[in-house]
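Undergrad: Residue numbers (our numbering), protein chains in the order written: chain A, 1 to 252; chain B, 1 to 284; chain C, 1 to 284.
The reader is advised that the hints may include incorrect statements.
Unchecked claim - The following label-pair restraints were derived from C-beta to C-beta distances: (1) C/Val-270 - B/Tyr-22: 34 to 44 Å; (2) B/Asn-134 - C/Pro-251: 15 to 25 Å; (3) B/Ile-98 - A/Glu-137: 24 to 34 Å.
Unchecked claim - Pairs of lysine-lysine, DSS-like flavour, derived with a Cα cap of 30 Å: (4) A/Lys-186 - A/Lys-120; (5) C/Lys-175 - A/Lys-116; (6) A/Lys-141 - C/Lys-36; (7) C/Lys-280 - B/Lys-94; (8) A/Lys-186 - C/Lys-166; (9) A/Lys-62 - C/Lys-36; (10) B/Lys-170 - C/Lys-248; (11) A/Lys-186 - A/Lys-9; (12) A/Lys-186 - A/Lys-32; (13) C/Lys-99 - A/Lys-62; (14) A/Lys-62 - A/Lys-32; (15) B/Lys-100 - C/Lys-166; (16) A/Lys-86 - C/Lys-280; (17) A/Lys-62 - C/Lys-9; (18) A/Lys-139 - A/Lys-120; (19) A/Lys-100 - C/Lys-166; (20) A/Lys-100 - C/Lys-281; (21) C/Lys-93 - B/Lys-100; (22) A/Lys-100 - A/Lys-116; (23) A/Lys-9 - A/Lys-32; (24) C/Lys-99 - C/Lys-36; (25) A/Lys-237 - A/Lys-27; (26) C/Lys-280 - A/Lys-100; (27) A/Lys-86 - A/Lys-120; (28) A/Lys-118 - C/Lys-93; (29) C/Lys-175 - B/Lys-100; (30) A/Lys-139 - C/Lys-166; (31) A/Lys-116 - A/Lys-141; (32) B/Lys-94 - C/Lys-166; (33) C/Lys-158 - B/Lys-279; (34) A/Lys-9 - C/Lys-280; (35) C/Lys-9 - B/Lys-169; (36) A/Lys-120 - C/Lys-175; (37) C/Lys-166 - A/Lys-86; (38) C/Lys-166 - A/Lys-141; (39) A/Lys-32 - A/Lys-130; (40) C/Lys-281 - B/Lys-100.
Treat the hints as calculated values from the structure; they're not laboratory data. Glycine residues also receive a C-beta, built at the ideal position from the N, C-alpha and C atoms.
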Amino acid sequence: MANNTMEVKNLDFYYGDFHALHNISLKMPANKVTSFIGPSGCGKSTFLRTLNRMNDLIEGTKVDGEVLIDGQNIYNEGVDIVDLRKRVGMVFQHPNPFPKSIYDNVAYGPRAHGLKDKEKLDQIVEESLKAAALWEEVKDKLDSSAMGISGGQKQRLCIARALAVNPEILLMDEPTSALDPIATAKIEDLIEDLKNDYTIVIVTHSMQQAARISDYTAFFYMGDLIEHGSTEKIFEKPENQKTEDYITGRFG
Amino acid sequence: MIENFFLLNGLLVVFILIGIFYLLLNQSLPTFKEVSIVEFFTSTIWNPTGYHQQSYGIVSLVVSTIIVTVGSLIFAVPLGIGSAAYLSEIAAPKVREILKPTIEILAGIPSVVIGFLGIVLFGPMIARLFNLSNGLNAINGSILLGIMALPTIISISEDAINAVSDDYKKASLALGATEWQTLVKVTIPSALSGIIAAVMLGMGRAIGETMAVLMATGNAPAFPKSIFSAVRTLTATIGIELGEVPYNTTHYYALFAVGLVLFIMTFLINLISDWVLNKYEEVE
Amino acid sequence: MFSRDLQQKLGFWTLRLSALFVLFILAVILYDIISKGIGVINWGFLTTAPTHGMTKGGIFPAIVGTFLVTVITALLAVPLGMFTAIYLNEYAKQGKITKIIRMSIRNLAGVPSIVFGLFGLVLFVQILGFGTSVLSAGLTLGLMTLPVTITASEEALKTIPNSYRKGSLALGVTKWYAIRTNVLPYAIPGMLTGTILGLSRAAGETAPILFTGAAFFLPFLPNSPFSQFMALPYHLYVMSTQHHDIAKVRPLAYGTALVLIALVLSMNMVAILLRYWLRKKIKR
């Protein structure tokens, strides 16, 4: 299996004339959880979206620098973006299941990639829902609408849906900020399990969450990557004054 | 690529519009081999089938169109804006539920039916009221066109009035103005651009309407003497004469020229109303 | 002189009366047509052809003709409208081309129906050689209905949440796949609503079909797209203005008007019910 390490080198990002991200360089090691922390509007979600080129959907954006997966720059000419997004999955802040059945939500990706065999699809749906810790709760109502389950379940469904296409890397954009504490805890446990098979990059608004679940942490401020390293180090012995100020709550 | 397919489709509309203009122009130009442009635009005599001499002046037709249109606006604008204000500001929700579909129904009545009513219902009414021999004349046309323009004016004006920010109204009321004063002095003026656009669209509809005027205005292409004269608009002229005219004669081409004049008129009205709406959006 | 309260009362009443007057106009129209037309309507009227020089018999061929021409209108206007809307809402970038397309749509919507008739006469009847036929008339009506189907389809697409699109794309699918599987299926019911309204307008139009295929009397039903056809609006027009015995056939004209209104209004009703049902579905 591939290394699935992601590395960013000297990335600059522009929304039109606005220079949103400045010269970011960062490694996100395989099979670990890397979290991005920082105050609102500091660019962490924008940066996350450069990793699967979802920013391409916005008019007028520009990227300088490199984002490498296993050494290959995803911004090269001729890169197949559709394929990229199969390898780098994303879970959004607000759970966004499609208005289809639970089964069809999870099967959407594999079907899109050409899989028609009912047995194989059944298998993938079951495995994905199990991996997302949702199978037991929905296995008897796979054909019911995905809109009828709770917020926490919807988010786990979105995770299952993302896992169903068998990505190497999973990007999560504040996945629990719209959920209650119990649902949040369930998903944090899930992330602990998932990192065994996937590389996880998570943007989080909550320092406590970052401290709980991530192996590596990167601190962003106003479009700059201020400091990054193992989570222990960032939280216990930060090198940069700004990092320390943020960690200790001097600003939020 | 699929995106190009959709782009081509999108461009289709542009091509159609250009195509209409081009074909109209193409079929109009031969007119002016026989007819001088000056005569076309300045003569009041439209008589293409005259025995001794044919005449192709559209002034009477244009004036008729304008009279009937202006008449329709005199009828429809106050009624329309008043109804729109009522719907938007005063009517209880239940009343709105009834009135809005009603107006949509009115909008859905085909023009030929309205024209039919002009002949069988409004015509005799007008004849009785004003002691005329028959009621097929300009004022009949104005009433019919007014009825047809009403739904457009009402619904677009209503949108414009609804769009006025609540903050303006609250500020006015807080200063001690009554609701009526607020409506007249604050809300309507704020919605003015939208209302003007509504009126212009209604006007465009009236100018372009064929069947109702064809059936109910008396079919006399002479220069109108009063609102009780029988008249014939530009649209009605095409509608009535094209059926009788052999292809590729001067008369035939002249009717296309009339169509071109109509096209340009409505195009300009559209442009102006767009401009008005744009100014409105800029100010906001 | 007038106290402010009195001013307000008078003002509001004026507005109420405007709205009531509009209601009144509709009531008068419907009452006249229904009361004078209903006596003529019976099963025979709806299912047999005219006889005795159109002074007796029914309007069946006109009903069939209107139906057929509307089908052709739909075949042109619905898919093209949908594709243009997909381009505008899903692919188009802000810029000159998009502005021009939108301006063209608005202008096309304002072109007088008789001008469409002229265009259809030149393009479909003559240049493309379809002759006066259901096809020519249907295509002409289709072009006229295009702005309506485009706008209706675009409105429907706008109501689909962006999260569906983003969610699909993030799973690694092409844009068209995302639209086809996760946007269109949910937009189609909404598209239908506006489309049906547009088609009901087309069914009632006379001017575009005057010279492109409508005929007053045909001894047989149209058996190919290249046949001429009878149509309800045209039938009403001729019955009330050009028949050799207008007074005698007046009741039949009323009956025709009633059938036409019933047809148009029932299509409207279907569209409105569809819209209502859709709104309820979304609220759940």
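Undergrad: Check each numbered hint from earlier against the structure, then list the numbers of those it violates in ascending order.
TA: The structure conflicts with hints 3, 6, 9, 10, 11, 15, 16, 17, 21, 24, 28, 29, 32 and 34, although it agrees with all the remaining ones.
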